[in-house]
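Undergrad: Letter by letter, the chains look like this.
Protein chains: 2
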Amino acid sequence: MAEAASQDLLLAAAFVSDAQYNRNIPFKTSPEAVRLYYLYNHWIMRTATYFFIFLNLSLAVFEEPAVYPLPFLVTSVVEVLCLVVFFGRLTHFAKVTLRNVFWKDTKNICIMVAILLSLTDLAIYGVLRMYDVRSIRWSRIVRPIFLINFAESRQIRRAFRSIRNTLPEITYVFLLFMFSLLMFSLMALKLFGERNLQTAEGLPYFKNYLEIVFDLYVLVTTANSPDVMMPAFDFSSWYALFFIAFVIVNTYIFMSLFLAVVYNNYKKHLKNEIRKLAYMKHCKMIEAFNILKEEEGAQFVVREAQWKQLVKLVAPDISNSHRELLLRISDDEQKGFIDKKSFVQLADLLNIQVITLKIRSHPLGQWMPGVYKSAVSRFLRSMVRHRGFVWTYDVIILINAIFIALDEETPYISYAEWVFLALYIIEILLKVYTYEPRAFFGKNQFWNWFDTLIIFAALTATILNTTLKSTTKYNSQQILDIVFILRVLRLIRIVDSIQRFRVIMNTLINIVPTMLTFGGLTLVVYCVFAIIGMELFHGKIQFFPANSNAPHSLECGNAALKDSLFARAKYCKNNFNNFASSFIVLMELTVVNQWHVFANGFANVTVQPAKLYFIAFHIVMVIIIVNIFVSFILEAFFVEYSLEKSEVETAIEQKIQELGMGVQEDELQDEHLLDNMESAEHDLEGEGGTKPQSKGLVFKIASKPSFPLFYLIFCARLSSVASL
Amino acid sequence: MAEAASQDLLLAAAFVSDAQYNRNIPFKTSPEAVRLYYLYNHWIMRTATYFFIFLNLSLAVFEEPAVYPLPFLVTSVVEVLCLVVFFGRLTHFAKVTLRNVFWKDTKNICIMVAILLSLTDLAIYGVLRMYDVRSIRWSRIVRPIFLINFAESRQIRRAFRSIRNTLPEITYVFLLFMFSLLMFSLMALKLFGERNLQTAEGLPYFKNYLEIVFDLYVLVTTANSPDVMMPAFDFSSWYALFFIAFVIVNTYIFMSLFLAVVYNNYKKHLKNEIRKLAYMKHCKMIEAFNILKEEEGAQFVVREAQWKQLVKLVAPDISNSHRELLLRISDDEQKGFIDKKSFVQLADLLNIQVITLKIRSHPLGQWMPGVYKSAVSRFLRSMVRHRGFVWTYDVIILINAIFIALDEETPYISYAEWVFLALYIIEILLKVYTYEPRAFFGKNQFWNWFDTLIIFAALTATILNTTLKSTTKYNSQQILDIVFILRVLRLIRIVDSIQRFRVIMNTLINIVPTMLTFGGLTLVVYCVFAIIGMELFHGKIQFFPANSNAPHSLECGNAALKDSLFARAKYCKNNFNNFASSFIVLMELTVVNQWHVFANGFANVTVQPAKLYFIAFHIVMVIIIVNIFVSFILEAFFVEYSLEKSEVETAIEQKIQELGMGVQEDELQDEHLLDNMESAEHDLEGEGGTKPQSKGLVFKIASKPSFPLFYLIFCARLSSVASL
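Protein chains in written order, with UniProt numbering: chain A, 1 to 724; chain B, 1 to 724.
It should be emphasised that the hints constitute simulated quantities derived from the structure, not laboratory data. Hints should not be assumed to be uniformly reliable.
Unchecked claim - Derived contacts from chain A toward chain B, CB cut-off under 10 Å, selection only:
1) L55
2) Y172
3) P226
4) V247
5) I248
6) I492
7) S497
8) I498
9) V503
10) M505
11) P513
For glycine and all other residues, C-beta sits at the position ideal for the given N, C-alpha and C.
Work out the full structure, taking the sequences as your base and the hints as a guide.
TA: Right under this line is the structure:
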C-alpha cells in the first residue's frame, strides 16, 4: 500500500514537473515507464545528449576539409558513436512514451531518417574511399536536424515552427518585392542599356537584364550604393531620381515591410503556442490532481502531507521555508488540504523565483566577535557602505583607463598595473568583509561574480606572463592578449555605478537566454550553408601570406580572379576551405556589406549561377532570421518596459507580506543592509526580530524573471485564460 | 436677433471645425475675430502659405552656390517677399488669437526670431557684397523653421516633438553604446596597435586611438565590413572573434536597442498627444454646445434646425442625404433635438468617410436607351464584367512585358507598341461604357485613375515622340525616357488582379499620407545639413567629364585626393557644390554604404574634424529619423492588420443598416454591380428599390480610413476615454 502510494506520488510528480518545465511528453503510467521517464529527464542524460549533438556538429572541424585534420577512421568512429547515442536516446524515449504517439511524432521519424541517412552515406563514402574514389559527404547537412529535433531543444524547434508559419505571408511580400525589382530592372535596361556607359572598372553598364536584376538586388541590400549609380549619375544628374525612387521603394519600404510581417506573425504564432502550452500544462496538473485526490466533504482535495511529499519530489532543492510559503499560498485558510484550483497553480508557483534571504550574521562576526564588532571594524564597514567608496573606485577605474591607453613599455606604467590589481583585490576583500559572503556571491549578484572572476583571471594571467617573461625573457602573445582584454573588461564596472545604465544593462543581461535560442537558430543555418559552401567552393580560393611567391598569390591562387574586386580588396582569406573559415565568411555575409564582391568572386572561380547561393543565404539569414532576431529584441524590450507582475506573482507577494516576512524596501539605512551597491529596486533589507513568524528569514520575488523572460509572463497570464 | 443667432452659429461652427480638424487655435470670440479666423483657415490662404514656405526653401537652388544661378537681387527680393508673407500670416494669426496666448506660444516667437534673423543676415550680406566682401549666408539654415512652425504643418511639428521627447532615453542608450565603442577601441589598440599591420591600401593599421574609434564606428554601420577586419584576420584567424563580438554587441544588439527605444517612446508619446488632442476636441465641442444650447425639459439640447445649419457651415460639401444620416445617428429617437452627448460626437462623425453611392443609371442609358439596352450592348457589358476580361488583359500585359524587354529597334516591335496602346484605351473605354463613369472615376478608385493617367500620358508622349521623329528625324531623349518609364509602369496593373497582392498594395497606399510627414521631416534635416555642407565643402571637389584634360581631373580637381578611395571609386560628382548635389550626397549617406569613403574624402580636402559632420548626420538621420520611419511603418502595418472599426464607425454602420440603406455585400452578381475589379471587401452593390426609405441611395463606410490612418482610429477610440 505504501509502495503503491509512493508510485502514485512519483507519477503525479512526473506530471507536475512536466507542467513546470513545459514538457509535452505523453508518457506511459506504468511504474517502470515512470522510472525510465525520470531517468530520461535526468540532467546528466540531457547534458550528455547535448554533448553528443555538439560533438557530431563539430566533426565538420576535423573532417576533410579540416581545420585540424584527423584520420577518416577517427571521425567516422566518433560519428557512429554519436549516432548510436542518438539511437539509444530515441529508444529510451520510445520506451517512455506511448507507442502510437511515438510513431505519429514527425520529429522522431526525422531523427530516425537522419540516423539512417548518415549511416548509409558514411558506409558508401567509406567503401568508395577504400577504392580511392572521392565522393560527397552529403549527409553532413542533415546533422543540424539532431539539434532541432531532440526534445531538449524545444525553444529552437518553436522558433523554426514560427518561421514555417510565417513563410506564406513573407512569400507574398517577397513576390511583390521581386515584381518591383523586375520592373525597376526593366526600366533600368531601357533607360541605361543603350547609352554605352561604363562602370568604374571599365565594364559595360546595365547591358544584360539578369545582371541588372542582380545589381539592383545588391542595391536593395545597400551593399553597392552608390557605386551602381555613379555611371548613370555622371551621365545625367536626373538619373539619380531613378535610384532614389528605387531605394525608397525597395530598401526602405519593402525591407520595413518584411520586418513588420515577420514581427507580426512571429508574435501571433508565439501567442498561439503559449496558449496551447498553457492548456497542456493545465491538463497535466489535472491528471496529477486526479492521481492524488481524496474526498473531503463535497469536493476532492489533496492532503497537505501528500502535497509536501510531491513538492519535495518535484523540486528537491527548494528550502523548507520556501515550501512552507508555497503551502501557505495554496492552502490559504490552513485547512490541511489543497483544493483543485490551488493545486493547478502549483506548476506556476514553482516557476516563480522566490529569493530566500537568510538573515545571517557575518561568519567573522561569529568566529571573532570581538574583532569584528570593534570600533575599527565598524568604521571600516561603514566606510565601505558609504557612497564615497563607490565613487573612489569609479575614479580609480577612470585613471586605470588612462593608464591602459598609455604606452605599455614605460616601466612605471607596468608597475602601475600591479597597483591597480592590488586596489581591485582590496575592494573585493573589503566588500566580502562588510557584506555576508554568501549574500555577496548570491545567485542574482551578476556584477559581483563578474568583478571577482575578471580580477582573478587578470591576476592569474599577469602573474603567468611575468613568470614567463622572467624565466624565458619572452612574452607569450596569447597570454598578453588575454591580459589586455581582461584589463579593458574591468572598466565595464563603471557602467554599474550609474543607475540608468544599469537598467539598460540588466535588460540586456535578461535577454541573453533568449538570444541563445537565436544562437542555435543561426548555428543551424550556418552549418547547413557552410557544408554546402565547402562542397561548392572548397579549394577554389587560397590565402597566401603577404610575402609569398606562389603563382597567382595576389589573385588568391586563381587566375580567374585577376583584376577582380575580390582580389584587389585582399579578401583571399575569406574562403570556404574549412569549417571555421566558412563560418567567418557567412558571418561577413550576414553583416551584408560587400557581399556582392564575395558573390562575384566566388562566381568567377566556379560558375555564374553560384551567385544564387549567396542570394539564398541573404534571403534566409538577413530577411528572415535577422528580422526575427530584431523582432525578438523589440518584443523583449517592450515586455521589459511594461513589466507588470503577473497574478500569481502578486498572490505570492501578498502572502509574503501577510506572513510578515516581506522585505521592507523603505528602511534602507539599517545595520543589516545587505548590498547597497544594488539599485533601489534591488535594495534588500531584513528586519528579523519584529514579527513573531519570521525566524531571521525574508522572501523577495526576483524582480525580473530571469529565465525565458516574456515567455514566462505570458504563461502566467494565459494560465487563467486557459483554465477550462 | 437673427444676426446674433447667425453670429453664434458662426462661432460654434468655428469650434466644431477646430475639433474636426484637430486644430488648437484659441481664437477670440468677437464677430470680427471669428470672420478673420475663417479667413485664416481658408484653403487658399493655407495653400499660399505652403507655397511661400517651399518657395523660400527652394531659394537655395538659385542662390550661390546655385544649380540655376539667379542674380542676388532677384533672390533677395523673393526672400523679402516670402518674409513679408510670413509676417503677414503671423499678424493675421495674432489678430485671431488671444494676446497672452499668442505671446506664450514658442512657435510664434520662433517665427518672429527667424524672420528677424533672416532680414538682418540679408542686410549684412547685401551691404558687404556691395563692398565686395564675401560673407556666409548663415541665416539660410533657419529657413526650415518656417516649415516646422507654421500651424499648418502640425504633423511635422508633432513628429519633432516626439523626437525631442525621445531624446533623453536615446541619449542614455547612445552613451552606453559610445562607452562600448570606446572600450572595444581600447582593446583593438592594445591587440593590434603594435603588430605593425597594414591595411589593403598600405596604411598603418589600428595605430591611432581616434582613428580606431572612427573605424569601429564605421563598422557599426557595417560600411567597412569586412575590410577593416582583413589585416588582423590575415595575421591570425583568432582575431576574427574580436570583430564578431564587436558586430554582435554593437551592430546587432545596440542598433536593435535604438529601434526598440525609438519605437517604444514614439508610440508612448503619440498616445499621450492623441489623448491630449481628444481632450481638447471634447472641450471645443462643449464650447460649441454651450453657445447653441437651449433648455428642453430638464436638460440643455441643440435644436434640429440649428444643428443642420451648423453642419452646413462646418461641412458645406457633404450631401443632404449624408447630413440626414448624421442627424438620424445624433438624434436617435427623432425627438427633434440633439442632447449634449450626441452633439459632442459630431466632430468624429464628420471625420468618418461615408461613401454616398448614388444608384444612377448609366448616362448613355438615359440619352440613348434604345442603343444602350440593346442585346449587343448587353452582351458587351456582361463580357466586360466577366472574370475572363480581366484575365485576357493580364495576358496582354504579360505579352507587353516581353515586348518591352525585347529590342526597340525592330520596326515590328515599335508598331506593336501602338497595338498595345490601342488595346489599353479600348479597355478603359469599355469599362466606362459598362460602369457608371462617375463611379468608375470615384474618389476611392485609385487603380482606375492610375490606369487612365498612365495610358493617356503614354499616348501623349508617344505621339509627341513620333511627331518629333518624323519632323526633325531626331528622338528627344527626355521624352523617350518618359515613354519607357510609363510603358513599364503600366505593368504594375497586373498586381491588382491578385487578391493577396492587392491587400498589400492597398496597405502601402494607405501609408502614403503618413509617409509624407516623414518626407517633411527628412526635408528639414536635409536642408539644414545641405546648407552646412555647402558652407564647409563647396568647391573643394569638382567633377570633370571622362575625357577632360583639366589638372587633377582624376583626383576630382584636388591634389589632396590623390590615391584616395574617393577618387579611385570615381565619386567626384558626389559633392556639395550646389543644393541638388548636396541632397543626392545626403541621400547616399542615408543609405549608409560607403559613407566612410565620403567622410574620409571630404576630410582630406578640408580638415580632419570634418568627419564629425558625417557622424552627426549619421546619428540624426539613420539612428533617429530612419528608426522613426521604421517604427512608423511597423505601427501602421500592425494597425492595418488588426483593423477593427471604432465605436463611432460601428454606430454609423448600424444606423445605415437600420435605415435599410446599407450595402448588401453578398449579392455580388447583380446588374448594378459597380466594379468587379475591386476586392470582395470593396465589392459594392446597391439594391435600391426594395426598402421604402432609400431613394436610390446607399451608404458605405470607407473600408480603410484614408487619411492619417491610425491617428484617426486612436482618436475615435480615445474620445470615449477622454470624455470628462
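Undergrad: Against the earlier hints, flag every one the structure doesn't satisfy and list their numbers going up.
TA: 1, 7 and 11
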